[in-house]
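If you read the protein sequences in the order shown, they are chains A and B. Using my numbering, the letters of the first sequence map in sequence onto residues 497 to 1016. Using my numbering, the letters of the second sequence map in sequence onto residues 1429 to 1881.
Hints in this document: simulated from the structure, not taken from any laboratory. None of these values were measured; they are calculated from a predicted model. The reader is advised that the hints may include incorrect statements.
[Stated by the list, open to error] Heads up, simulated BS3-like pairs for lysine-lysine below, C-alpha to C-alpha not over 27 Å straight-line: (1) B:Lys-1853 with A:Lys-564; (2) B:Lys-1853 with B:Lys-1877; (3) A:Lys-646 with B:Lys-1482; (4) A:Lys-684 with B:Lys-1753; (5) B:Lys-1753 with A:Lys-1005; (6) A:Lys-876 with A:Lys-612; (7) B:Lys-1620 with B:Lys-1581; (8) B:Lys-1620 with A:Lys-1005; (9) B:Lys-1661 with B:Lys-1716; (10) A:Lys-684 with B:Lys-1716; (11) A:Lys-876 with B:Lys-1482; (12) B:Lys-1716 with B:Lys-1753; (13) B:Lys-1604 with A:Lys-844; (14) B:Lys-1798 with B:Lys-1879; (15) A:Lys-826 with B:Lys-1716; (16) B:Lys-1489 with A:Lys-646; (17) B:Lys-1581 with B:Lys-1482; (18) A:Lys-826 with B:Lys-1482; (19) B:Lys-1489 with A:Lys-612; (20) A:Lys-844 with A:Lys-646; (21) A:Lys-844 with B:Lys-1600; (22) A:Lys-506 with B:Lys-1735; (23) B:Lys-1853 with B:Lys-1620; (24) A:Lys-1005 with B:Lys-1735; (25) A:Lys-916 with A:Lys-986; (26) A:Lys-916 with A:Lys-684; (27) A:Lys-1005 with A:Lys-646; (28) B:Lys-1620 with B:Lys-1798; (29) B:Lys-1581 with B:Lys-1716.
[To be verified] To list a few chain B residues with every Cβ distance to chain A over 12 Å, as calculated: (30) Gln-1519; (31) Gly-1589; (32) Arg-1614; (33) Asp-1622; (34) Ile-1627; (35) Gly-1763; (36) Val-1805; (37) Gly-1822; (38) Glu-1867.
A virtual CB, placed ideally from N, CA and C, is assigned to each residue, including glycine.
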Amino acid sequence: MNAPNKSGWKPEMTADGGGYGPATHTGNRALMLDEALIFEIAGNDTTGVDLPEVNPAMPTRLGGLERKADIGLPGLSEPETVRHYTRLSRQNYAIDLGLFPLGSCTMKHNPRLNEKVARMPGFADLHPMAPNSTTQGALGVIYELAEWLKTLTGMPAVAMSPKAGAHGELCGILAIRAALEARGDARKVVLCPESAHGTNPATAAFAGYEVEDIPATPEGRVDLAALEARLGPDVAAVMITNPNTCGLFERDFRKIADAVHAAGGLVYCDGANFNAIVGRVRPGDLGVDAMHINLHKTFSTPHGGGGPGSGPVVFSDALAPFAPLPFVEKTADGFVLVEEETAREHHKQSFGRMTAFHGQMGMFTRALTYMLSHGADGLKQVSEDAVLNANYVLRSLEDVLYAPYANSGPCMHEALFGDKGFAEGMSTLDLAKGLIDEGFHPMTVYFPLVVHGAMLVEPTETESKAALDQFIGALRSVSERAIAGDESLKTAPHYAPMRRLDETLAARKPVLAWQDPAAD
Amino acid sequence: MRYLPLTDTDRSAMLDVIGAPDVDALFVDVPPEAQLDGPIHGLPMHASEMAVEKHMRGLSKQNLAAADAPFFLGAGAYRHHVPASVDHIIQRGEFLTAYTPYQPEIAQGTLQMLFEFQSQVARLYGCAVANASMYDGSTACWEAVAMAGRVTKRSRAVLSGALHPHYTEVVKTMAKFTGDTIADARPSIQPKPDNSGLISRIDDETSCVVVQYPDILGRLSDLSEIAEAAHAKGALLIVVNTEPVALGAIKSPGEMGADIVVGEGQSIGVGLQFGGPYLGLFAVRDPKHVRQMPGRLCGETVDADGKRGFVLTLSTREQHIRREKATSNICTNSGLCALAFSVHMTLLGEKGLRQLAAENHRLACLAADKLAAVPGVSVLNDAFFNEFTILFDGDAREIVRELADDRILAGVSLGRLYPDVAEFKGGLLVAVTETTTEEDIETLCSALKEKLT
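Construct the entire structure; sequences and hints are all you get.
Written as structure tokens, this is what we have:
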């Protein structure tokens, strides 16, 4: 976190966002360095690698398909390359810089031991189709991680290959459909609450289901009675996030699961919020049939500016036989990879294959390293601290920010606020941009859809009390400005590398690749 | 516990503010029967950095790293030298520990990088627009088939027999659930791909034709005639590329009339990593198809001062806006792998990529000649880039296993890829890159000679 400014000096913020001082020749402002595109600074002849010159006289066997025209790829020397990307990197906010309170995204610290382990040559420099005898350690990692995930969730089986959370959701729903089809039961409907992540309805629709809403109670939980009334022979599954995206634990989850099972359906749990309960509650005890686990959330693998993720899916006994290929099995002769060929003997009901190889090995090594570091006791402490931090934020701000579910019991690992009480014309977006000026990444905004101008704050266990206090102070101050109608919020951010960007223009006239202006 | 900053004093001060007696009170909504009474049984307790590193190093030592053996594996994942600066840049915390760039004013680093990446991929593929990445080549391939269905409003995809069999499996698995019909075939073991056979399978119901280039056996052929035949029937041509380095030497798919080009980007910057994370590339030749594309797109715009900047755009195609009507359910993709690709491609540039491709091809030609000289071995391919198929009388799978015991990673046997096809038993895919030495090639040749006599 930032050191407090002892002198009390603060930058002058003017309503028009000015106050930058004199114009500079370059347009840069000291360490605020603008950077051109590689296409604008590089030439076709520059390169940052040393390779043999192409010998045009060398005969080729390319079937007469030689690429003759220029490709148009810019090249830079190594120092130019390092500088280009270092300059770009400084225009990014990151968990390494400070609190990153994106709700449902679990931006926790990414331990550097994980990075070191993932780069060990035995893991990083290993081909996915190398003979099993040369990959026993890698298969061992997959097996060991699978055991951890099964134990932490209390579920008997896990599919490791899904590449990210949404891919895991798809894996779970496909297994559900395969299981229903195997019993000749062609159900048509998947039920999702309105508060669900967009990936839930998108996944169910992909798998050929009609999606219907599950009603919620005024306190922000699934309406059990309404759900029971809707269940019937056409409902294939429910998809429920627990803890839900309003930050609440679904108290009736077991009853929901029992009702769904009694009606012949199956229960998908979106595991995006597993960080709230890891080590304290096992989803298997709640009647879940399938749940994906975002290793890039709960188990600390880095988000990388939008991936890669990793989304293993745990299964109940009812779904385990339908899990996708490939997977790792332990035999007397060591670990074996069960692929299409060997699966025929003892995994005939598998619904198929989701990806070319075995999943996100680079994320498996990181996640297993994280789990071993924390252990059973540490993971329990993780969820407790994550929940404690979120409740501390909720109770410290509920007097100034509208908290729609403040009376629904303690929140879990995220605190939900709405824009009620803001001055006319002030929006959640304005508040978010104001937080940027305070040196924070904003929380998740306008999600979940059930709360007007929603702000979902997930501090995670990574934050110290001092860091939380500074964030709470900043959010309180920006909230007060939104309530008071401070016009300078409408033009925020003022101190970011960029002012507010015109997203409408980007969509109306899409420019999605660089065009050489000289070519026009 | 080194990753947890709260002290017990902090915790009790915070509980006071919350008004809760202890942390258990915060879990009051969890039914008692689902509450564990202590740390989960059956797992170890927390461990020091030193102890964890030792455990993981032990597991890593049980693998034979590619660098430690003569290495000839490919089949959709290739070993290339990745410059040291690539790994340095992707480990910068500002890239490594950032989220998806939803707040563009403080994510221009990621966004500008994605715009540059999209531009590089579009040029490499000979296309107008590329997206900000998919999970990997196989899932990008399926997404392309699904997109072709949306564009043509048809649901019969024709797959070349020489498409990677795992890609075929992924497409067939997904199609089972969407109701698409997939017409697939087996590759013919011929020096040239069977393009006329493929063309004869295109009909008026066909949404797309899916062709791999270079194909699974390493073969090359001009795709223009397939493009013409597909277009004549109102179908799209999808070209799948699993070795982007090849496109530094051979014509781009876009040049030959491909409508959608997808592929695996792992060769540039990403590394082998036992199969993941990899990098799905996805591009379209005609900008009119952009609104049917899956995944994220980064676009140029201006800020309130009129300064150029970049944002994620056209998100009305995506799940977080469109929900059940989205073009795909994809959310998190392969951002950091896209960065690795883009940095490596910037270091290469036009010149370096062409040199890299030429060096791969030179060594592959050398290896093909040397292997063809081994008694009992023949090279199938008329044309190839850096991977080709050799045939011999024997069980290639068995030989691969035996050579692995001698610390030679000989290639991917066709028997592993096509366990059902008896005539493929003596087939071996051999990949050669700039990391292969002439000594490695000699070692493989003498080992095969010994096994086959």
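Restraint check for Lys-876 (chain A) with Lys-612 (chain A), where alpha carbons must lie at most 27 Å apart: 25 Å, holds
Decide if the proposed pair is consistent with the structure: Lys-826 (chain A) and Lys-1482 (chain B), CA atoms, cutoff 27 Å inclusive. 22 Å, holds
Hinted pair, alpha-carbon criterion (27 Å max): Lys-1489 (chain B), Lys-646 (chain A). Please report holds or violated. 26 Å, holds
Below or equal to 27 Å on CA atoms is what counts here, so check Lys-876 (chain A) against Lys-1482 (chain B). 24 Å, holds
Run the C-beta distances from Val-1805 (chain B) to all of chain A and say if the shortest one exceeds 12 Å. The claim stands: Val-1805 (chain B) keeps its Cβ more than 12 Å from every Cβ of chain A (closest is about 17 Å).
Taking 12 Å as the cut and beta carbons as the points, is Gly-1763 (chain B) off the interface with chain A? 3 Å, violated
Hinted pair, alpha-carbon criterion (27 Å max): Lys-1853 (chain B), Lys-564 (chain A). Please report holds or violated. 38 Å, violated
Keeping to a limit of 27 Å between CA atoms, is the pair of Lys-1604 (chain B) and Lys-844 (chain A) held or broken? Within the cut-off at roughly 16 Å; holds.
Checking one constraint from the list: CA of Lys-916 (chain A) to CA of Lys-684 (chain A), max 27 Å. Satisfied? 38 Å, violated
Does the alpha-carbon distance linking Lys-1716 (chain B) and Lys-1753 (chain B) stay inside the 27 Å limit? 20 Å, holds
Whether Arg-1614 (chain B) stays farther than 12 Å from all C-beta atoms of chain A, as the label says: 14 Å, holds
Is Lys-1005 (chain A) within 27 Å of Lys-646 (chain A), Cα to Cα? Answer violated: Lys-1005 (chain A) to Lys-646 (chain A) is near 48 Å, above 27 Å.
Hints 1, 7, 8, 10, 15, 17, 26, 27, 30, 35 from the earlier list are contradicted by this structure; the remaining hints agree with it.
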